[in-house]
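Given the structure of chain A, go ahead and fit chain B with the ligand onto it with the hints provided.
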Amino acid sequence: MPMTITEKILAAHAGLDTVKPGDLIDVKVDMALANDITAPLAIRVFDELGVKTVFDREKIALIQDHFVPNKDIASAQQTKIMTEFARLYGIKYYFDLGDSGIEHVLLPEKGIVVSGDLVIGADSHTCTYGALGAFSTGMGSTDLGVTFGTGRTWLKVPETIKFVYEGTLGHWVSGKDLILFTLGKIGVEGAVYKTMEFAGKVIRNLSMDQRFTMTNMAVEGGAKNGIIEPDDITKSYLSEHTNKQYTFFKSDPDASYEKILTINTNEIEPQVALPHSPDNVKGISELDNIKIDQVFIGSCTNGRIEDLQIAAKVLKGQKVAKGIRLIVLPSTPLVYKEALQKGIIETLLDAGAVLGPPSCGPCLGGHLGILAQGEKAVSTTNRNFIGRMGHPESEVYLASPAIAAASAILGKIGSPDDI
Amino acid sequence: MESISRVWKFGNDIDTDLIIPARFLNVSDQNELAKKCFIDVKPDFAGSIQNGDVIIAGSNFGCGSSREHAPWSIKAAGIKVVIAKSFARIFYRNAFNIGLPILESMDAWELFEEGDQIEVDLSAGKIMNKANGKQTMANPIPDFMMNIIQAGGLVQYIKNKDRL
Ligand code: SF4
Numbered sequence: 001m002p003m004t005i006t007e008k009i010l011a012a013h014a015g016l017d018t019v020k021p022g023d024l025i026d027v028k029v030d031m032a033l034a035n036d037i038t039a040p041l042a043i044r045v046f047d048e049l050g051v052k053t054v055f056d057r058e059k060i061a062l063i064q065d066h067f068v069p070n071k072d073i074a075s076a077q078q079t080k081i082m083t084e085f086a087r088l089y090g091i092k093y094y095f096d097l098g099d100s101g102i103e104h105v106l107l108p109e110k111g112i113v114v115s116g117d118l119v120i121g122a123d124s125h126t127c128t129y130g131a132l133g134a135f136s137t138g139m140g141s142t143d144l145g146v147t148f149g150t151g152r153t154w155l156k157v158p159e160t161i162k163f164v165y166e167g168t169l170g171h172w173v174s175g176k177d178l179i180l181f182t183l184g185k186i187g188v189e190g191a192v193y194k195t196m197e198f199a200g201k202v203i204r205n206l207s208m209d210q211r212f213t214m215t216n217m218a219v220e221g222g223a224k225n226g227i228i229e230p231d232d233i234t235k236s237y238l239s240e241h242t243n244k245q246y247t248f249f250k251s252d253p254d255a256s257y258e259k260i261l262t263i264n265t266n267e268i269e270p271q272v273a274l275p276h277s278p279d280n281v282k283g284i285s286e287l288d289n290i291k292i293d294q295v296f297i298g299s300c301t302n303g304r305i306e307d308l309q310i311a312a313k314v315l316k317g318q319k320v321a322k323g324i325r326l327i328v329l330p331s332t333p334l335v336y337k338e339a340l341q342k343g344i345i346e347t348l349l350d351a352g353a354v355l356g357p358p359s360c361g362p363c364l365g366g367h368l369g370i371l372a373q374g375e376k377a378v379s380t381t382n383r384n385f386i387g388r389m390g391h392p393e394s395e396v397y398l399a400s401p402a403i404a405a406a407s408a409i410l411g412k413i414g415s416p417d418d419i
Numbered sequence: 420m421e422s423i424s425r426v427w428k429f430g431n432d433i434d435t436d437l438i439i440p441a442r443f444l445n446v447s448d449q450n451e452l453a454k455k456c457f458i459d460v461k462p463d464f465a466g467s468i469q470n471g472d473v474i475i476a477g478s479n480f481g482c483g484s485s486r487e488h489a490p491w492s493i494k495a496a497g498i499k500v501v502i503a504k505s506f507a508r509i510f511y512r513n514a515f516n517i518g519l520p521i522l523e524s525m526d527a528w529e530l531f532e533e534g535d536q537i538e539v540d541l542s543a544g545k546i547m548n549k550a551n552g553k554q555t556m557a558n559p560i561p562d563f564m565m566n567i568i569q570a571g572g573l574v575q576y577i578k579n580k581d582r583l
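Here the protein sequences come in this chain order: A and B. Using this note's numbering, you'd call the opening residue of the first sequence number 1 and step up by one each time. Using this note's numbering, you'd call the opening residue of the second sequence number 420 and step up by one each time.
For the record, the hints were derived by calculation from the structure and aren't laboratory data. Heads up, the beta-carbon is just placed ideally off N, CA and C, and yes, glycines get one too. Don't take each hint at face value.
Unchecked claim - Output of the computed footprint for chain A on chain B, the stretches with three or more beta carbons under 8 Å from beta carbons of chain A:
#: 1; segment: 445 to 453
#: 2; segment: 513 to 525
#: 3; segment: 564 to 578
Excised from the complex, chain A in its bound form (with noise of 0.2 Å):
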């Protein structure tokens, strides 16, 4: 029977030579993750299930990067709890601060998720990992706790819809634009329980950077994971950051669909999603005189060194405008360090942006940069709903680093051409 690449890492993990959508299965997982909000609740899941030790120390990750570094004593408590769960069981993959940075970002990095593996984590972002051409979702605490003392957990096999991007990309537009441009068509609840495949010519181009940010905001849509087939640039991605073993698995051509979309990207100019949802989305062009107050860049959606990169190249030889916060957060200690080596770091501060630690920051109104009523905000990040980065009354508009980085140098939502 004809499969997408989903159901074949599904089947495959499942002990099955075929699944179907809808077909409830019990899988093997390669790698469960937690974070320093959602660890604690597992662990204390984990201790009921009353079992003797972890199923594989070796396929546990813990990672400290939502309120780190702790912002206050109740933070510190639970990061406490993490510390000493790690420390009991020999997790080989515990992060502590120093060597921590967001989730999503630092697992690929090092190598920890490959291709072809199921990967479940205590954070909706989880489904980052499809860029990989593994299947990767979010779960809850409670399932979490359980997969550490199994190292197994059910699933439902889910339907797919094929998105396939045709074209060519413009001026400034990037992975994310692709990916809010889709929100803005299918809405918040256009995949719910399903599977969002990226593919097309346009995908296949695009770097491994921006497509983590497109599988990053299938949840976005409600979707189970969002996937891409893996190719050589995930292969040479894969030779820089991995020694462990990976499948690469395809869909067949033959393989069924719910429906396929395609997207011409030929008319898709810099994209913004206005608050308060990821899918009220317009073009830069229907966007008139917005003035902000700050600019976030960073997160598991756009903090990787790319992202930088591209945020340096508009801010090169400019300022911040008067009165505005740009805050800029590298996603992990080695972006951080990338960053400093090529000089990015130099050139953001000269340009008046505030460099903070990897952490996730104000991307969840943690932390490091929280707005105040009445406040607006444009960020790389993946949401904008009511109060997410601060008063519930602030507001937050997404959009790529490109876009940000133009709106701190204008004061108001703007792309680099109209500097």
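Only chain B with the ligand this time, still in chain A's reference frame:
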């Protein structure tokens, strides 16, 4: 005496940041989480709900983050059941896992105003407005999820299966 359950109504796409904003996720104590439930949209919610009250919402309830703190805060606040036109995937799974009953119904939203008295028969899926007697049936709960509920949540279900 039967306790009185009242309806709290919410719209479409109620996301997990609305249910419990991230700034309150530095704890995992349920009672603390309950106090912050819906604090940005209905600041009086946690203080005024009575044990056994019911939430009726539109589509895609619980979209956004995987934070299990969201169903926990609703459950610990005293909500007996959440009825929505549809649920976001992770929330749906989390609710069953932690034992917060949820029902899918396309019609319930039209049958109630905020504050109406409601009667819900969970096992039959029957939803009734006590003021006018109008009723509707929720979508049946899939067998697999029913097994998890009957076991009392995922942890117990796994223990019962004796897989460990
Ligand atoms: S950067 Fe934002 S979206 Fe990504 S894991 Fe952190 S809080 Fe979640």
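Checked hints:
1. Beta-carbon proximity to chain A at under 8 Å applies to 3 residues in the segment 445 to 453 of chain B; the threshold of 3 is reached and the given coverage holds.
2. With 3 residues carrying a beta carbon less than 8 Å from a beta carbon of chain A, the segment 513 to 525 of chain B meets the three-residue requirement, and the given coverage holds.
3. Here's how the segment 564 to 578 of chain B fares: 5 of its residues keep a CB closer than 8 Å to some CB of chain A, so the rule of at least three is met and the hint holds.
In this structure, none of the earlier numbered hints is contradicted; all agree with it.
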